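*Asks:* Sequence:
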Amino acid sequence: FRALREKHDFFEICRTPTLACEITLQPIRRYSGLLDASIIFSDILVVPQAMGLVVEMLPAKGPHFPDPLNEPADVARLKGTVDVNTELKYVFDAITLTRKELKGQVPLIGFTGAPWTLMAYMIEGGGSKTLTKAKTWLWKYPEESKALLKRITDVCVEYLVGQVKAGAQVKRSVHYISKSQV
2 FRALREKHDF FEICRTPTLA CEITLQPIRR YSGLLDASII FSDILVVPQA
52 MGLVVEMLPA KGPHFPDPLN EPADVARLKG TVDVNTELKY VFDAITLTRK
102 ELKGQVPLIG FTGAPWTLMA YMIEGGGSKT LTKAKTWLWK YPEESKALLK
152 RITDVCVEYL VGQVKAGAQV KRSVHYISKS QV
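Numbering (our numbering), first residue to last: 2 to 183.
Honestly, the hints are just simulated from the structure, not real lab data.
Since we're looking at a predicted model, the values are computed, not measured.
One should not assume that every hint holds.
Restraint ranges, calculated between C-beta atoms of paired labels, are given here [to be verified]:
#1 Ala148 - Ile45: 18 to 24 angstroms
#2 Trp140 - Thr82: 24 to 30 angstroms
#3 Arg78 - Trp117: 16 to 22 angstroms
#4 Tyr32 - Trp140: 44 to 50 angstroms
Idealized CB from N, CA, C, for every residue including glycine.
Hey, can you work out the whole structure from these sequences and the hints?
*Replies:* The structure is reproduced here in structure tokens:
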């Protein structure tokens, strides 16, 4: 991983199916027979990128949005509609390639970020321990927050469906807690 990271930007790896495949396969090769599954190499922040925001991965700092959403009017900067099959095709291609290369050794799992998590990043401009800006936005602009969360949710649902169509496998593990157990 580190050797590839020295030559390629983080999001370049995410956007290059052969590189994402290689990084996904590395632990499977290294720990042959010891892992239950493989998770596609990507990032939750490809969704805000697909929606039109710039996200950079800064060394020793992490994700950074140079121009986050500061007020509801900023939502107009997002794409009106997101063609997930075009914008995130590179993830689907990486999944298809990786699934083929895994040759059935282990299942391949896809993922996305939760809508609230993605919204928080889009507003905070990066990671935050307190989520002050995002929480303020939520309380100050409740209707706009609902609308933004719906837009993010719709993209995430299409994205997950695309991942499954590309070959990601679904592992279901549902646990119920009754009221008497709480």
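*Asks:* Has the hinted range 24 to 30 angstroms been met by the Cβ atoms of tryptophan 140 and threonine 82?
*Replies:* holds (28 angstroms)
*Asks:* Is it true that alanine 148 and isoleucine 45 lie within 18 to 24 angstroms of each other by Cβ?
*Replies:* holds (21 angstroms)
*Asks:* Measuring from beta carbon to beta carbon, are tyrosine 32 and tryptophan 140 in 44 to 50 angstroms?
*Replies:* holds (46 angstroms)
*Asks:* Using the beta carbons of arginine 78 and tryptophan 117, state whether their distance is inside 16 to 22 angstroms or not.
*Replies:* Since arginine 78 and tryptophan 117 have Cβ atoms about 20 angstroms apart, the given range 16 to 22 angstroms holds.
Taken one by one, the earlier hints all hold for this structure without exception.
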